[in-house]
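Undergrad: So the protein lines, in turn, are chains A and B. Heads up: the first sequence begins at 70 in the numbering used here, then just goes up one per residue. Heads up: the second sequence begins at 48 in the numbering used here, then just goes up one per residue.
One thing to keep in mind: the hints can contain errors.
Computed cross-link-like contacts, DSBU-like style, restricted to lysine-lysine with a CA-CA straight-line distance of at most 30 Å [said to hold, decoys possible]:
hint: 1; chain 1: A; residue 1: K298; chain 2: A; residue 2: K116
hint: 2; chain 1: A; residue 1: K429; chain 2: A; residue 2: K116
hint: 3; chain 1: B; residue 1: K165; chain 2: B; residue 2: K187
hint: 4; chain 1: A; residue 1: K87; chain 2: B; residue 2: K187
hint: 5; chain 1: B; residue 1: K165; chain 2: A; residue 2: K87
hint: 6; chain 1: B; residue 1: K59; chain 2: B; residue 2: K259
One side of the interface only, derived from the structure: several residues of chain A facing chain B at Cβ under 8 Å [unchecked claim]:
hint: 7; residue: A85
hint: 8; residue: P464
hint: 9; residue: I465
Which residues of chain A face chain B? A few of them, derived with a C-beta cut under 10 Å, are [as the list claims (entries may be wrong)]:
hint: 10; residue: S71
hint: 11; residue: R391
hint: 12; residue: R392
These aren't lab readings, by the way, just hints derived from the structure by calculation. For every residue, glycine included, the Cβ atom is placed at its ideal position computed from N, Cα and C.
Chain by chain, the residues run as shown.
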Amino acid sequence: MSFYEVVRFALRGLSANKLRSALTMLGILIGVAAVILLVAVGNGSAKAISDRIEALGTNTITVLSSGRGGSTSTALTPEIADALADPVLAPDVASVSPVVSSSATLTYEGTDHDVSSFVGTTPGWFAASNTPVGTGAAFTADDEAQGRRVVVLGQTVAEELFPGVDPLDKQVTVGGALFTVVGVLQQKSSTGFQDSNDTAVAPMSAVRQVLTGYGSLNSILVEATDPGKVDAVQSEVSTILDQRLEVSATGAASTSTPYRIQNASQLLATQTETAGTFTTLLGAVAAISLLVGGIGITNIMLVTVTERTREIGIRKALGAPRRVILTQFLIEATLLSVLGGALGVAAALIGSSFEIVGVKPVIVPSSVGLALGVSIAIGLFFGGLPASRAARLRPIDALRYE
Amino acid sequence: MTAPVLDVRELKKIYGTGEATVHALRGVNLVVERGDYVAIMGSSGSGKSTLMNILGALDVPTSGQYLLDGVDVSRLADRQLALARNRLIGFIFQAFNLIPRTTAVANVELPLAYAGVKPRERRRRAMAALEVVGLADRAKHEPNQLSGGQQQRVAVARALVTEPALLLADEPTGNLDTRSTDDVLTVFDQLSAAGRTIVLITHEPEVGDRAKRLIRLVDGSIVTDQRQAPVLATGRHQA
Ligand SMILES: Nc1ncnc2c1ncn2[C@@H]1O[C@H](COP(=O)(O)OP(=O)(O)OP(=O)(O)O)[C@@H](O)[C@H]1O
Ligand SMILES: [Mg+2]
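Here chain A stands alone, though its shape is the one from the complex (with noise of 0.2 Å):
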């Protein structure tokens, strides 16, 4: 009896149960569609959050005063932050951006609007912070130089005050004095409560003059020239300011140092290790479904081949050698196994397409190659074990099976 015949024998056993055959199809689908999705939905959480510290700059240090004393001495100036840029004592920093910030009140025609953070910088800030201007262009050097009243604002300010309006080269007034709208920043999606659109950015030198005065900078941006460097960076700028902050050696400097390091690498490290766990416990989830899965796929496959042990005995009676009738039933679980979960990877990257809880799933690969191996294991396994036993039966024992 040739391959061809078995697999036309298979499909009309197939075909004569359509409800029977159409619910294991359902059971595999729904076990391999429940894996991948919740793995995906996993997955996709983790991106999203590493997505979001990757906005914040990953190759970047902020140094933050610690605020012990607020005497001159241990106060971070624009001179410290000028020495950071050292070719030689700090060959791995590309870029340093002293940073001033105060809230601020914008006005324009007589419309007003809080912003939490009214930022004084350099020109490098943009690039270094991952904050790249949408519309007109950030501020220039020259700007900073001769401080010049410009600003750039963030998409929230620029709503609120320029609704339906381009806000560009319009003039609004902080802390009594006139800025002159050069650019708008692109949209940028908030890591935290803050909304990191509502600021706006204005050069150091005129911000100082306005609004903060001359005192100390809030802090330092400091970029590595690559991300690997960050830490090499971290320790030049230690080195830089320890010695420039004047931090001895032996007394104080085991209490703490005058200013904090901030490392967005780390809190990437931590949060990608967070987003790892997460997975992890989605993967235990999937796999206890594709285990209760598995077991249903079990159970219809035991419950197909058990009834089905009479046909066996009958088809053997009339000269069917036991090769065939494996062959048979092998296909016949393979076909279902297989087409199951096509129909599950299908309806998985259908589910995939919309966001579920909040989340955009992410299809994680190997997980669908599980999934589909897993169940088609299984169906193999447990189609193929009852019927390789019905089939070694004597054909009046499988026909007297009830």
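Using the hints, position chain B with the ligands against chain A.
TA: Frame of chain A, contents of chain B with the ligands only:
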């Protein structure tokens, strides 16, 4: 010299153990030559079906020897057994044993499929076999859409379709009216005339009368085994 088709020696079959032990066959000796037409009669539970299942290579005896065409069946591997069941033996079950949810014609085609006959030829021969038992118009019906007698006739057609040298029939006319019984017996007569060997089980004396040899089984043993002149098919309808 050719070996007898069936040669059974001291065949015993014991079911169950302990309290529930049943001696279904207590040492049966039986030789059936090629072309013989044997009817086995006996009361219910006398071991007829048990014997028939062993003869059809569907079951194995507890002890004793069974030679089919001179070959010891107990020594055959699965493949050879399958071949014997498929090519040599046509078996009609007391309980029909049609495959559920499968049309009558597909049921009849089944042994041909396992014999490797091409689909077109298979369909033709299956339809011819159904024609013989008068069920050509029910070819597309599934077993649960057929009456008991019709199912029995499909089972007969399925056993005949391979034109087996040995036909084993366990009460092939048990559910049939006189007319259908007569049709089936006429087919058996023709097969017998063509030189095929037939062994059938029956409760009806008029069916037993058609055979060349009548065996009576009581409590797992053969009590009478006699040759007889078969009654001709035409005689019965007028009676
Ligand atoms: N699988 C079995 N397990 C235990 N006992 C069995 C089994 N099959 C048959 N028997 C017993 O063996 C004896 C013979 O059974 P068998 O089926 O051969 O009878 P039979 O002559 O065909 O009867 P009937 O005319 O009713 O078909 C009976 O007593 C029956 O109860
Ligand atoms: Mg019986």
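Undergrad: Next, verify each hint and record whether it holds.
TA: Hints, verified against the model:
About 23 Å separates the Cα atoms of K298 of chain A and K116 of chain A, which keeps this hinted pair within 30 Å; it holds. Note on K429 of chain A and K116 of chain A: the hinted pairing holds, with a Cα-Cα distance of about 9 Å set against a maximum of 30 Å. Simply put, K165 of chain B and K187 of chain B have alpha-carbon atoms about 19 Å apart, close enough for the 30 Å limit, and the pair holds. In summary, the hint linking K87 of chain A to K187 of chain B is supported, as the alpha carbons are separated by about 18 Å, within the 30 Å threshold.
Restraint check for K165 of chain B and K87 of chain A: the C-alpha separation of about 26 Å stays at or below 30 Å, so the hint holds. For the proposed pair K59 of chain B and K259 of chain B, the alpha carbon gap of about 26 Å is at most 30 Å, so the pair holds. Taking 8 Å as the C-beta contact cut-off toward chain B, the hint placing A85 of chain A at the interface holds, the least distance being around 4 Å. Given the 8 Å rule on beta carbons, the hint for P464 of chain A holds: about 4 Å separates it from the nearest Cβ of chain B.
For the restraint placing I465 of chain A at the interface with chain B, the shortest Cβ-Cβ distance is roughly 4 Å, inside the 8 Å limit, so the hint holds. For S71 of chain A, the suggested interface contact is upheld, since its CB lies about 8 Å from the closest CB of chain B, less than 10 Å. For R391 of chain A, the suggested interface contact is upheld, since its CB lies about 5 Å from the closest CB of chain B, less than 10 Å. For the restraint placing R392 of chain A at the interface with chain B, the shortest Cβ-Cβ distance is roughly 8 Å, inside the 10 Å limit, so the hint holds.
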